[in-house]
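Participant: This is what each chain is made of:
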Amino acid sequence: MTSVLPIILAAAAACAVTTSLAAMLMLAERYLVKYGTCRLDVNSSDRVIEVKGGKSVLESLKAEGIFVPSACGGRGTCAYCKLKITEGGGPVAPTELALLSEQELSENVRITCQVKVRNDMSLVVPEHLLSAGEYRGVVERITDLTHDIKNLRIRLVEPKSIKYQPGQYIQLEAPAYGSNPEAVFRAYSMSSMPDEDDCLELIIRLVPGGICTTWVFTMLAEGDEVRFNGPYGDFHLSETDREMIWIAGGSGMAPFWSMVRHMAAHDMARKTTYFFGAVRARDLFLVEELRKLDQHHEWFTFVPALSAPADEDNWDGETGRITDVVDRHVSDGSQAEVYLCGSPGMVDAAGRVVTAKGIPPERIFFDKFG
Amino acid sequence: MKRTPSEQRIIELLAPGALCRDGFLGDDHRELQEILDADRATVEALGLTHRDIAAALDDACRAAMAGLEAPVHLTSGNLVAEFHDAMGFIPSPWGEGKLFAKGEVVVTDPATGDRLVYTPLSVHLIGKHGFYQGRGSPYRLDPARVARLFGLGRRASNLDTTSGKET
Amino acid sequence: MTAMLAETAAQLSPSPGLWIVLISAALTDNILLTRFLGMCPFLSISKQLKSAFGMGLAVMIVTGCTCVLNYLLYVHLLLPLAPYGVPAESLKLILFIVVIAGFVQLLEMVIERISLKLYFSLGIFLPLITVNCAILGASLFMVNNVAGKGYDGWDVLVYGFGAGAGWFLAIMLMAGIRHRISGGKVPAGLQGVGITLIITGIMAMAFTIFQGMIRS
Numbered sequence: 173m174t175s176v177l178p179i180i181l182a183a184a185a186a187c188a189v190t191t192s193l194a195a196m197l198m199l200a201e202r203y204l205v206k207y208g209t210c211r212l213d214v215n216s217s218d219r220v221i222e223v224k225g226g227k228s229v230l231e232s233l234k235a236e237g238i239f240v241p242s243a244c245g246g247r248g249t250c251a252y253c254k255l256k257i258t259e260g261g262g263p264v265a266p267t268e269l270a271l272l273s274e275q276e277l278s279e280n281v282r283i284t285c286q287v288k289v290r291n292d293m294s295l296v297v298p299e300h301l302l303s304a305g306e307y308r309g310v311v312e313r314i315t316d317l318t319h320d321i322k323n324l325r326i327r328l329v330e331p332k333s334i335k336y337q338p339g340q341y342i343q344l345e346a347p348a349y350g351s352n353p354e355a356v357f358r359a360y361s362m363s364s365m366p367d368e369d370d371c372l373e374l375i376i377r378l379v380p381g382g383i384c385t386t387w388v389f390t391m392l393a394e395g396d397e398v399r400f401n402g403p404y405g406d407f408h409l410s411e412t413d414r415e416m417i418w419i420a421g422g423s424g425m426a427p428f429w430s431m432v433r434h435m436a437a438h439d440m441a442r443k444t445t446y447f448f449g450a451v452r453a454r455d456l457f458l459v460e461e462l463r464k465l466d467q468h469h470e471w472f473t474f475v476p477a478l479s480a481p482a483d484e485d486n487w488d489g490e491t492g493r494i495t496d497v498v499d500r501h502v503s504d505g506s507q508a509e510v511y512l513c514g515s516p517g518m519v520d521a522a523g524r525v526v527t528a529k530g531i532p533p534e535r536i537f538f539d540k541f542g
Numbered sequence: 365m366k367r368t369p370s371e372q373r374i375i376e377l378l379a380p381g382a383l384c385r386d387g388f389l390g391d392d393h394r395e396l397q398e399i400l401d402a403d404r405a406t407v408e409a410l411g412l413t414h415r416d417i418a419a420a421l422d423d424a425c426r427a428a429m430a431g432l433e434a435p436v437h438l439t440s441g442n443l444v445a446e447f448h449d450a451m452g453f454i455p456s457p458w459g460e461g462k463l464f465a466k467g468e469v470v471v472t473d474p475a476t477g478d479r480l481v482y483t484p485l486s487v488h489l490i491g492k493h494g495f496y497q498g499r500g501s502p503y504r505l506d507p508a509r510v511a512r513l514f515g516l517g518r519r520a521s522n523l524d525t526t527s528g529k530e531t
Numbered sequence: 054m055t056a057m058l059a060e061t062a063a064q065l066s067p068s069p070g071l072w073i074v075l076i077s078a079a080l081t082d083n084i085l086l087t088r089f090l091g092m093c094p095f096l097s098i099s100k101q102l103k104s105a106f107g108m109g110l111a112v113m114i115v116t117g118c119t120c121v122l123n124y125l126l127y128v129h130l131l132l133p134l135a136p137y138g139v140p141a142e143s144l145k146l147i148l149f150i151v152v153i154a155g156f157v158q159l160l161e162m163v164i165e166r167i168s169l170k171l172y173f174s175l176g177i178f179l180p181l182i183t184v185n186c187a188i189l190g191a192s193l194f195m196v197n198n199v200a201g202k203g204y205d206g207w208d209v210l211v212y213g214f215g216a217g218a219g220w221f222l223a224i225m226l227m228a229g230i231r232h233r234i235s236g237g238k239v240p241a242g243l244q245g246v247g248i249t250l251i252i253t254g255i256m257a258m259a260f261t262i263f264q265g266m267i268r269s
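Order-wise, the sequence lines are chains A, B and C. Numbered per the numbering used here, the first sequence spans residues 173 to 542. Numbered per the numbering used here, the second sequence spans residues 365 to 531. Numbered per the numbering used here, the third sequence spans residues 54 to 269.
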């Protein structure tokens with residue numbers, strides 16, 4: 173009988189200590205970690221959001237339908253999610269310091285995926301992020317345009333229509349799959365016409381090892397549901413009547429395919445020359461359709477060019493790098509506007525060529541997310 | 365091994381699905397530090413530095429990008445470089461906030477058939493951090509193979525550069 | 054020389070016992086260089102001075118506080134139960150670990166709430182030290198000292214912070230040394246952990262000069 177007492181006492185002592193610690197931790201969790209409801213004041217009270225504190229600003233905004241772009245899934249490495257937090261941001265975290273310049277720090281620019289909402293805050297959110305919405309759609313058709321470019325046609329389900337300007341883009345959600353643990357968002361320009369507002373089309377080129385394009389090319393099928401948000405972007409036709417020079421390569425065709433058909437449908441007869449560069453004939457697409465538009469409308473000229481045509485292509489069009497072709501064709505660009513859409517390398521090279529033609533920087537337009 | 369929070373973040377970003385589909389470590393089960401040490405040893409045995417190798421790769425990459433996806437003949441050696449464009453930017457897993465153009469460079473030696481495939485980001489990772497990526501990663505560059513293709517450094521006779529074991 | 058210092062210190066301070074406790078905890082009986090506890094984070098986090106500082110500070114605060122908490126637990130719960138047959142020696146191990154783990158969690162939450170600046174410099178290391186054996190070791194040595202040398206509450210407080218300070222000192226020294234040798238040529242097989250362990254051994258040998266400083 174007496175030998176049981178030590179065991180009971182020992183067990184009681186152990187339980188007492190563990191229970192009181194657990195209770196203390198639970199209390200701490202309830203009163204210390206909970207930040208309560210915090211007010212996020214967006215654009216000087218233009219919009220006020222009440223959120224539960226404790227999450228990052230990026231996540232809190234996303235929960236309220238404001239999708240701040242991010243390329244690294246909120247891990248504080250891409251600096252896409254920068255926003256100005258004028259009040260309530262607290263001390264700058266070490267992970268933010270690596271990504272912000274002195275200038276940005278002095279302007280209260282913060283990396284929103286690294287800032288936790290602990291109190292009321294005031295933020296500045298660019299207009300185009302605020303007007304974007306969340307959409308659900310169904311894949312109506314997937315067609316191959318070239319060996320590594322697909323056309324994705326999506327019919328909208330909820331909401332049933334989308335309003336956008338030709339040249340804008342959406343962020344498509346690639347869900348978790350295979351070795352990809354989390355959903356990611358990737359930006360694609362819309363190639364469809366805004367008038368057809370119950371569906372949209374995207375031109376997507378396979379990126380080697382790309383998370384989203386691998387999903388689109390190997391797993392997405394007609395009838396699948398997709399989610400995206402938008403529209404975003406400052407890349408659109410300007411309000412002026414100036415002559416336009418368009419330069420694109422690969423999936424950079426998308427915004428221009430939207431723009432030219434929109435212009436044709438609305439009788440916008442602005443002089444436009446569209447330079448599209450590819451390597452060989454198998455990389456070209458929509459050539460016949462664009463040539464037809466060229467023939468039908470005297471304001472539109474289509475100039476496809478191949479930089480290394482194969483013999484069997486029997487190519488009789490322009491040859492050479494697209495930047496050299498532009499160089500040859502454009503004599504005086506001082507009154508023109510230039511629109512660029514393509515990979516960063518192509519955009520840089522084209523930008524240099526047109527600047528040398530006398531086109532001022534404020535008339536050269538391109539999408540920063542390209 | 366305990367890691368500082370910043371090292372932990374880097375390891376998370378090197379994993380598949382974080383920044384790119386296949387990640388940067390392939391099927392290599394070694395610790396990051398081991399991979400860095402092993403590759404540094406190879407580079408030192410060649411009498412080179414990470415910067416030397418990154419410089420050669422960078423020159424080839426820039427020349428290829430200037431060709432806008434068409435094949436380009438490099439000035440040094442008889443190499444041909446081709447850049448395959450892709451839209452978008454990828455950040456560095458080391459978290460410096462720098463963004464690099466997506467897309468890949470393919471450098472071939474037509475005479476031997478030797479072929480290297482890498483990206484602008486991998487050039488930065490080699491030059492700045494001495495990271496050549498784990499075995500099995502699609503863009504891993506073995507320093508010895510790079511040196512051999514570009515004709516850099518001294519040939520170390522005790523280095524197994526010709527076995528073709530390394531990917 | 055060191056004996057003279059100890060004599061002078063003993064004559065000057067009001068409670069000479071506390072000075073001896075501090076010096077023995079931090080130097081002669083350094084928890085890392087004499088007792089070889091807490092090596093894992095020591096080896097991996099001593100690469101950078103900034104992280105070493107944050108980690109060392111975190112260890113010092115946690116060791117100090119948990120030593121006191123564990124002392125109170127030992128003296129006011131376990132010892133009174135000992136006459137009933139409760140084995141204080143075996144039970145203390147489990148209970149100390151639980152107290153340390155719980156305390157670290159609590160401390161992290163408190164720091165995040167009261168000072169973000171402090172949280173960014175040392176709070177992020179707290180989850181890493183939950184199972185740092187130096188902290189458990191300090192608590193267990195504290196029990197030995199209470200039993201053997203008759204430490205009281207104040208002694209335990211100084212002992213706890215002193216032991217943590219010794220660990221802090223060791224990791225800062227190591228970080229400084231590693232920073233100094235970072236440009237040099239280390240043989241391939243010894244790079245990283247190898248050379249660090251060798252340096253630790255040399256530092257431990259250097260710390261043996263403190264032996265004999267305390268006449269016990």
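Honestly, the hints are just simulated from the structure, not real lab data. Here the structure is a predicted model, which means the values were calculated and not measured. Cβ coordinates follow ideal geometry from the N, Cα and C atoms, glycine included. Please note: incorrect hints may appear among the correct ones.
As the list claims (entries may be wrong) - Computed list of chain B residues with no C-beta within reach of chain C, every gap over 10 Å:
1) Thr-439
2) Gly-452
3) Leu-463
Claimed, not checked - Pairs of lysine to aspartate or glutamate residues, derived as EDC-like cross-links and limited to a Cα-Cα distance of at most 16 Å, are as follows:
4) A:Lys-288 / A:Glu-299
5) A:Lys-254 / B:Glu-460
6) C:Lys-100 / B:Glu-398
7) C:Lys-100 / B:Asp-401
8) C:Lys-238 / B:Asp-401
9) A:Lys-227 / C:Asp-205
10) B:Lys-492 / B:Asp-401
11) C:Lys-100 / B:Glu-371
12) A:Lys-332 / A:Asp-369
13) A:Lys-335 / A:Asp-370
14) A:Lys-288 / C:Glu-165
15) A:Lys-206 / C:Glu-165
16) A:Lys-443 / A:Asp-396
17) C:Lys-103 / B:Glu-371
18) C:Lys-238 / B:Glu-408
19) A:Lys-227 / A:Glu-306
Participant: Check each numbered hint from earlier against the structure, then list the numbers of those it violates in ascending order.
Facilitator: 4, 9, 16, 19
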